[in-house]
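Put together the whole structure using the sequences plus the hints.
Protein sequence lines, in the order shown, are assigned to chains A and X. So for the first sequence, the numbering used here puts the first residue at 1; every next one is plus one. So for the second sequence, the numbering used here puts the first residue at 1; every next one is plus one.
Heads up, a few of these hints could be off.
One copy or two, either will do: identical chains are not told apart, so a pair holds if it fits within one copy or between any two.
SDA-like, lysine to any residue: derived pairs with alpha carbons at most 25 Å apart [claimed, not checked]:
#, residue 1, residue 2
1, 466, 6
2, 254, 278
3, 254, 370
4, 200, 64
5, 126, 75
6, 126, 421
7, 124, 443
8, 233, 206
9, 466, 14
10, 377, 364
11, 254, 371
12, 124, 75
13, 124, 183
14, 101, 447
15, 124, 446
16, 283, 230
17, 330, 226
18, 466, 437
19, 124, 436
20, 330, 22
21, 101, 327
22, 254, 369
23, 330, 364
24, 101, 374
25, 233, 301
26, 466, 436
27, 101, 328
28, 101, 364
29, 242, 276
Derived by calculation from the structure, the hints in this document are not laboratory data.
There are 2 protein chains.
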Amino acid sequence: MPISHPKRLILLGTFIHCKSRSELEYLHHTAAAINEQGRICALVKDRQSVGVARDEILGHLGWRVDEVDVVECGEGEFFFPGFIDTHVHASQYPNVGIFGKSTLLDWLDTYTFPLESSLADLAKAKRVYTACIRRTLAHGTTTAAYYATVNVPATNLLADLCLSIGQRAFVGRVCMDRQGFCPDYYRDESPEASLLATEKTIAHVDEIDPGYQLVSPILTPRFAPACSHDAMKGLAKIQKEKGLLVQTHISENKGEIQLVKDMFPEASSYTAVYDDHGLLTAKTVLAHAVHLTEQEAVLISQRESKISHCPGSNSSLTSGEARVRWMWDKGLDIGLGTDMSGGYSPSILEAARQATLTSRHLAMQIDDDQEHRDECKLTVEESLYLATRGGAVCLGLDDKIGGFEVGKQFDAQLIGLGIVDDDGSRAGEDGIDWIDAGNVDIFGWETWEERIAKWLYNGDDRNTKKVWVRGRLVHSRR
Amino acid sequence: MPISHPKRLILLGTFIHCKSRSELEYLHHTAAAINEQGRICALVKDRQSVGVARDEILGHLGWRVDEVDVVECGEGEFFFPGFIDTHVHASQYPNVGIFGKSTLLDWLDTYTFPLESSLADLAKAKRVYTACIRRTLAHGTTTAAYYATVNVPATNLLADLCLSIGQRAFVGRVCMDRQGFCPDYYRDESPEASLLATEKTIAHVDEIDPGYQLVSPILTPRFAPACSHDAMKGLAKIQKEKGLLVQTHISENKGEIQLVKDMFPEASSYTAVYDDHGLLTAKTVLAHAVHLTEQEAVLISQRESKISHCPGSNSSLTSGEARVRWMWDKGLDIGLGTDMSGGYSPSILEAARQATLTSRHLAMQIDDDQEHRDECKLTVEESLYLATRGGAVCLGLDDKIGGFEVGKQFDAQLIGLGIVDDDGSRAGEDGIDWIDAGNVDIFGWETWEERIAKWLYNGDDRNTKKVWVRGRLVHSRR
Numbered sequence: 001m002p003i004s005h006p007k008r009l010i011l012l013g014t015f016i017h018c019k020s021r022s023e024l025e026y027l028h029h030t031a032a033a034i035n036e037q038g039r040i041c042a043l044v045k046d047r048q049s050v051g052v053a054r055d056e057i058l059g060h061l062g063w064r065v066d067e068v069d070v071v072e073c074g075e076g077e078f079f080f081p082g083f084i085d086t087h088v089h090a091s092q093y094p095n096v097g098i099f100g101k102s103t104l105l106d107w108l109d110t111y112t113f114p115l116e117s118s119l120a121d122l123a124k125a126k127r128v129y130t131a132c133i134r135r136t137l138a139h140g141t142t143t144a145a146y147y148a149t150v151n152v153p154a155t156n157l158l159a160d161l162c163l164s165i166g167q168r169a170f171v172g173r174v175c176m177d178r179q180g181f182c183p184d185y186y187r188d189e190s191p192e193a194s195l196l197a198t199e200k201t202i203a204h205v206d207e208i209d210p211g212y213q214l215v216s217p218i219l220t221p222r223f224a225p226a227c228s229h230d231a232m233k234g235l236a237k238i239q240k241e242k243g244l245l246v247q248t249h250i251s252e253n254k255g256e257i258q259l260v261k262d263m264f265p266e267a268s269s270y271t272a273v274y275d276d277h278g279l280l281t282a283k284t285v286l287a288h289a290v291h292l293t294e295q296e297a298v299l300i301s302q303r304e305s306k307i308s309h310c311p312g313s314n315s316s317l318t319s320g321e322a323r324v325r326w327m328w329d330k331g332l333d334i335g336l337g338t339d340m341s342g343g344y345s346p347s348i349l350e351a352a353r354q355a356t357l358t359s360r361h362l363a364m365q366i367d368d369d370q371e372h373r374d375e376c377k378l379t380v381e382e383s384l385y386l387a388t389r390g391g392a393v394c395l396g397l398d399d400k401i402g403g404f405e406v407g408k409q410f411d412a413q414l415i416g417l418g419i420v421d422d423d424g425s426r427a428g429e430d431g432i433d434w435i436d437a438g439n440v441d442i443f444g445w446e447t448w449e450e451r452i453a454k455w456l457y458n459g460d461d462r463n464t465k466k467v468w469v470r471g472r473l474v475h476s477r478r
Numbered sequence: 001m002p003i004s005h006p007k008r009l010i011l012l013g014t015f016i017h018c019k020s021r022s023e024l025e026y027l028h029h030t031a032a033a034i035n036e037q038g039r040i041c042a043l044v045k046d047r048q049s050v051g052v053a054r055d056e057i058l059g060h061l062g063w064r065v066d067e068v069d070v071v072e073c074g075e076g077e078f079f080f081p082g083f084i085d086t087h088v089h090a091s092q093y094p095n096v097g098i099f100g101k102s103t104l105l106d107w108l109d110t111y112t113f114p115l116e117s118s119l120a121d122l123a124k125a126k127r128v129y130t131a132c133i134r135r136t137l138a139h140g141t142t143t144a145a146y147y148a149t150v151n152v153p154a155t156n157l158l159a160d161l162c163l164s165i166g167q168r169a170f171v172g173r174v175c176m177d178r179q180g181f182c183p184d185y186y187r188d189e190s191p192e193a194s195l196l197a198t199e200k201t202i203a204h205v206d207e208i209d210p211g212y213q214l215v216s217p218i219l220t221p222r223f224a225p226a227c228s229h230d231a232m233k234g235l236a237k238i239q240k241e242k243g244l245l246v247q248t249h250i251s252e253n254k255g256e257i258q259l260v261k262d263m264f265p266e267a268s269s270y271t272a273v274y275d276d277h278g279l280l281t282a283k284t285v286l287a288h289a290v291h292l293t294e295q296e297a298v299l300i301s302q303r304e305s306k307i308s309h310c311p312g313s314n315s316s317l318t319s320g321e322a323r324v325r326w327m328w329d330k331g332l333d334i335g336l337g338t339d340m341s342g343g344y345s346p347s348i349l350e351a352a353r354q355a356t357l358t359s360r361h362l363a364m365q366i367d368d369d370q371e372h373r374d375e376c377k378l379t380v381e382e383s384l385y386l387a388t389r390g391g392a393v394c395l396g397l398d399d400k401i402g403g404f405e406v407g408k409q410f411d412a413q414l415i416g417l418g419i420v421d422d423d424g425s426r427a428g429e430d431g432i433d434w435i436d437a438g439n440v441d442i443f444g445w446e447t448w449e450e451r452i453a454k455w456l457y458n459g460d461d462r463n464t465k466k467v468w469v470r471g472r473l474v475h476s477r478r
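The following block contains the structure:
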């Protein structure tokens, strides 16, 4: 797929984004102007028609029609912010759906470490990473926080590919140096080797994308059981010096929690292990957080660390049901992660759907208090908040992406839903030029709120017609 | 989409179906012959090549190549039995995904009854039913047990459409006559009117498909709270006379169970209500069965009634988590239902996926007994059993459909998975003739078991390339 070069861009039609955690804003007959830096430089909202909005924005900016690209929504189409995947292992992409009855620790040994280590073969890494980036972009993921592998050249290759294909990404070389836990065939040789390898990936990203306009390094201690004290402390030192993001796992599974307790008897909790090593920062993204205690939630809140909620993974691997409402009530910031391949799906829309379902499984356990039960449940709006603005906050990008405001970068998707013809078929279905509009069937009487609910529950990558990152068209389908 | 006329058919390639509840059978280099009645009349399995299998089956039958249609699997393709949806409300199709925070009883009043009653408008009914049949066929559902509405002409129209489009179906006119529970704008006027209307739909199906080769009537008391004693007793009498299937709901939600207790104080349980009215038969399909007691399971087992498991719906409406393993251990027969629009998805593959996830949510609640926890979880194979042979048993069709055996009718789908190119893109992705092969990315090193797991977890209607019912091609996509 060719990547368009940034050019001035005018977008016309309906724009939908999160106004707050619980509310979507619907802007009809609206025009957005995107400048050569991929930034939204003007917005004209809610006019009588898109024509009026277009003329007004062009006049206001002094842009001529013949010097801009114009994209206008068709029937049933709208612009939506790009999705943000706050936790995804690019290196595990080929294993999606393959987990049997395993849970975290045996899953790592059986499925995960062998595949990750095999990506030291750069041809294989290129194939896997390219497929992963293209697939997630096609699902509207404009930003991803990636775990790569231990291997430096393959990790650097992932950064190169994100840059060339055009996905905003944090690329993490996985640090795992602890003997006894990590398999001998797949670990850093020592804490020093672990830190040196990390520095090499940072240096590579510094070189290919100075200023981290699209790709950033992210410090990636796999999780406490896989890391030595010295490696964790060394990473904390780098974090402080360079102000980089950190990503790791926390409290995913009860066996893992017990393992941490056994390995770090001096720590007062799993969360405390990271805090003790200087890794619990406002720039830290903690994936899973399924079984946090009250004290841990308070500590995370004090440190302003962020949570990546991965409901698909947590259900697949029988890890548990993370309590989003409870964490929100504790003041934590939360985004969504696919967690491929613990999670089976490359789609953040699917993660949002799974978030609503997992919240309902939690609600089922509350027997006698309907108000509390209803409160547990995530709404359509809340799950889409997690998928966009929530993720932006997690990755420290809420001033840059997540919604349509002047000054933000244009990371967005054009969504189209299927229109059911009068005879019950779909527009043009019998023709040779038929375009598969996916599984969302719009009959025409639905409110916009209902359309969005239908999209959340039956939408897929077919509904994502175009994807832009920093104003650059990076994916489109007929 | 044109419907092919039955013609002798030879299918060549890989055939996969359930050998038992826990095992799939993989037949490679295999040929199947389908006669003009849509029946598998010969199978030649596991030869050195498909060419050998083809020549052998043609020779055996004395068929000439020029008098048969031949369909051969391409790379990564295989034949799989058609899916069986044992519980689906065709009339609610436009509401998929629209349920908010509701649970069963308020969901009925808010979303469901208004839509169902509006289908007395036959033009609207035609549009909705056509879209539903085409959509479910596209997802490989070759047999569906449909609830229509109270309205006779619209219900009869659903039967007509199933027959003309070519989906095997049970079509149920919904009986609901109880004043106080059913809204005045949407109910049968009296028990007598309810039975008379039911007879009218039966007579209509008798006329359009004598012998019920494709479409059968099914007795459909909505659920106990919606039906008078006399209506239920009258339906039981019809059932005994005509030997028809019965479908209804049971034990979906705790509020509903309490309501049944209040309405039928003389009955010893919800299940006993149906038994007391003569409706708990070996031909009865009970949807949901989430909160059954031990005693109810024993009674259902004694009566040999069947269970339709609807995990997507039960999660969406916060109904609960039905215990498939527990019910199997009680000797119950179980199939899968999408339960649109309590369930949000038209896909039985999604229902199978949700069945594995729901079983894992149940497993999470078992704290200290790993063996018991692991046993709770449904495997890939078990969930696909539920989707095919399990459903066939539920609908009394296990001698006719559900697997590839000589004598069975050919209700099947051709499944194709996506092949990742050497450079990480998908075959032909950049070309104008690109065919979207969906989200299952096969790298080439996967075992067949892994391919099936990948299909279960990321497959959708794009992977269902062709669909046959009784040997008739009723859906195909490029």
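For each hint, the structure was consulted:
1. For the homomeric pair residue 466 and residue 6, the shortest alpha-carbon distance inside one copy (15 Å) is at most 25 Å, but the shortest distance between copies (41 Å) is not.
2. Taking the shortest alpha-carbon separations for residue 254 and residue 278, only the intra-copy value of 24 Å comes in at or below 25 Å, while the best inter-copy value is 48 Å.
3. Within a single copy, residue 254 and residue 370 get their C-alpha atoms only as close as 29 Å, which misses the 25 Å cut-off; across copies the closest is 12 Å, which meets it.
4. In this homomeric assembly, residue 200 and residue 64 never come within 25 Å of each other (Cα to Cα): the closest approach is 46 Å inside a single copy and 67 Å across copies.
5. Taking the shortest alpha-carbon separations for residue 126 and residue 75, only the inter-copy value of 23 Å comes in at or below 25 Å, while the best intra-copy value is 38 Å.
6. Taking the closest pair of Cα atoms, residue 126 and residue 421 come within 25 Å of each other only across two copies (11 Å); inside a single copy the shortest separation is 43 Å, beyond that limit.
7. Proximity of residue 124 to residue 443 under the C-alpha cut-off of 25 Å is restricted to the inter-copy arrangement: shortest distance 10 Å between copies versus 45 Å within a copy.
8. Taking the shortest alpha-carbon separations for residue 233 and residue 206, only the intra-copy value of 22 Å comes in at or below 25 Å, while the best inter-copy value is 78 Å.
9. In this assembly of identical chains, the alpha carbons of residue 466 and residue 14 lie at most 25 Å apart only when taken from the same copy (15 Å versus 36 Å across copies).
10. When the C-alpha separation of residue 377 and residue 364 is checked against a cutoff of 25 Å, the pair qualifies both within a copy, at 10 Å, and between copies, at 19 Å.
11. In this assembly of identical chains, residue 254 and residue 371 lie within 25 Å of each other by CA distance solely across copies; the values are 16 Å between and 29 Å within a copy.
12. Taking the shortest alpha-carbon separations for residue 124 and residue 75, only the inter-copy value of 21 Å comes in at or below 25 Å, while the best intra-copy value is 42 Å.
13. In the homo-oligomer, the alpha carbons of residue 124 and residue 183 lie at most 25 Å apart inside one protomer (21 Å), although the nearest pairing across protomers, at 62 Å, exceeds that limit.
14. For the identical chains of this complex, residue 101 and residue 447 are inter-copy neighbours only, at 17 Å across copies versus 41 Å inside a copy, given an alpha-carbon limit of 25 Å.
15. In this homomeric assembly, residue 124 and residue 446 come within 25 Å of each other (Cα to Cα) only across copies, at 14 Å, whereas the closest approach inside a single copy is 46 Å.
16. Taking identical chains as interchangeable, the C-alpha atoms of residue 283 and residue 230 lie at most 25 Å apart only when both belong to the same chain, with a minimum of 20 Å there against 67 Å between chains.
17. Taking the shortest alpha-carbon separations for residue 330 and residue 226, neither the intra-copy value of 28 Å nor the inter-copy value of 44 Å comes in at or below 25 Å.
18. In the homo-oligomer, the alpha carbons of residue 466 and residue 437 lie at most 25 Å apart both inside one protomer (13 Å) and across protomers (18 Å), since each shortest distance falls under that limit.
19. Taking the shortest Cα distances, residue 124 and residue 436 sit within 25 Å of each other only across copies (23 Å), while inside one copy they are farther apart (31 Å).
20. Taking the shortest Cα distances, residue 330 and residue 22 sit within 25 Å of each other inside one copy (17 Å), while across copies they are farther apart (44 Å).
21. In the homo-oligomer, the alpha carbons of residue 101 and residue 327 lie at most 25 Å apart only across protomers (20 Å), although the nearest pairing inside one protomer, at 28 Å, exceeds that limit.
22. Taking CA atoms no more than 25 Å apart as the test, residue 254 paired with residue 369 passes between copies only; the shortest distance there is 13 Å, against 27 Å inside one copy.
23. Both within a single protomer and between protomers do residue 330 and residue 364 lie at most 25 Å apart by alpha-carbon distance, with minima of 22 Å and 24 Å respectively.
24. When the C-alpha separation of residue 101 and residue 374 is checked against a cutoff of 25 Å, the pair qualifies only between copies, where the shortest distance is 7 Å, while the shortest distance within a copy is 31 Å.
25. In this assembly of identical chains, the alpha carbons of residue 233 and residue 301 lie at most 25 Å apart only when taken from the same copy (21 Å versus 61 Å across copies).
26. Taking CA atoms no more than 25 Å apart as the test, residue 466 paired with residue 436 passes in both settings, with 14 Å inside one copy and 15 Å between copies.
27. For a Cα distance limit of 25 Å, the shortest separation of residue 101 from residue 328 across copies, 19 Å, qualifies, whereas the shortest one inside one copy, 31 Å, does not.
28. For the homomeric pair residue 101 and residue 364, the shortest alpha-carbon distances inside one copy (24 Å) and between copies (12 Å) are both at most 25 Å.
29. In this assembly of identical chains, residue 242 and residue 276 lie within 25 Å of each other by CA distance solely inside one copy; the values are 20 Å within and 74 Å between copies.
The earlier numbered hints that this structure contradicts are 4, 17.
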